[in-house]
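Colleague: Letter by letter, the chains look like this.
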Amino acid sequence: MHEYLDGEISPEHEQILQDHLAICSDCKQDLHELEKTIALVQSMSHIKASDDFTLKVMQNLPREKKRVGIKR
Amino acid sequence: MEEFVKSRIKQVLKGDHNAFGEIVEVYKDRIYQLCYRMLGNAHEAEDTSQEAFIRAYVNIDRFNINRKFSTWLYRIATNLCIDRIRKKKPDYFLDAEVKGTDGLNLYSQVQSKEMTPDEKVAKMELQELIQMEILNLPEKYRSAIVLKYIEELSLKEISEVLDLPIGTVKTRIHRGREVLRKQLRNI
Chain A
0 MHEYLDGEIS
10 PEHEQILQDH
20 LAICSDCKQD
30 LHELEKTIAL
40 VQSMSHIKAS
50 DDFTLKVMQN
60 LPREKKRVGI
70 KR
Chain B
0 MEEFVKSRIK
10 QVLKGDHNAF
20 GEIVEVYKDR
30 IYQLCYRMLG
40 NAHEAEDTSQ
50 EAFIRAYVNI
60 DRFNINRKFS
70 TWLYRIATNL
80 CIDRIRKKKP
90 DYFLDAEVKG
100 TDGLNLYSQV
110 QSKEMTPDEK
120 VAKMELQELI
130 QMEILNLPEK
140 YRSAIVLKYI
150 EELSLKEISE
160 VLDLPIGTVK
170 TRIHRGREVL
180 RKQLRNI
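Residue numbers (numbering that gives the first Met the number 0), protein chains in the order written: chain A, 0 to 71; chain B, 0 to 186.
Derived from the structure by calculation, the hints contain no laboratory data.
Small disclaimer: the values here were computed from a predicted structure and weren't measured.
Even for Gly, the Cβ is constructed at its ideal location relative to N, Cα and C.
Where hints are given, some of them may not hold.
[As the list claims (entries may be wrong)] Label pairs and their calculated CB-CB ranges:
1) A:Met0 <-> B:Lys13: 48 to 56 Å
2) B:Asn78 <-> A:Gln28: 31 to 39 Å
3) A:Asn59 <-> B:Arg61: 18 to 26 Å
Please work from the sequences and hints to get the whole structure.
Modeller: Dropping the structure here:
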């Protein structure tokens, strides 16, 4: 089942899985729940860094140390 | 994109301080998002992602230009998040369930002191609920799940970021998925 969800299942294994799912409702339910879980995690909205993020990074870079480093 | 970033890295190495700002612009949202999903707190996420870029700058001469820059940056940021998660555990165990609240932890309590756990669950939006369950994952599963499903990295990239064999990465994703399945099955 995890091979299937990782997108790495071989055709033979997929056939075995499909045959099993056709007769086993517990596994079918598990797979459904796992697929739903993945979809839920992927549905999390994308969050963005603050507008002044880059400015703050640039202000906090250690200038002195870098100058020494560049000479080498 | 990698080519653009590599040309900027070469500029930084030549002493062009400002070229680093262009690199930050490219990756800031992804790195901030990683830290936010790992730590669950905007202030800590800001702090940690800022530090990740500063460390990348300070150590830029150690970056192997033949490798993928984003992988290296993700690695710095992920390690900082994991350090922070480990450090805060002895003080106040935010991930720990609060007794008698059935799955709620201190994160949810900190967010809304005035609501009872039941009210909280009722009001909690789906996104918050998923975020809380991600935060409840042990840190080794959490990093694998966030890199895979939120940052959408390949298994190979995740194995480089976490410095683990692909087999171990898969195991962590599988276990993380199972834990989340049990927590999220009823919604």
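Colleague: What are the numbers of the hints that this structure violates, sorted from low to high?
Modeller: none
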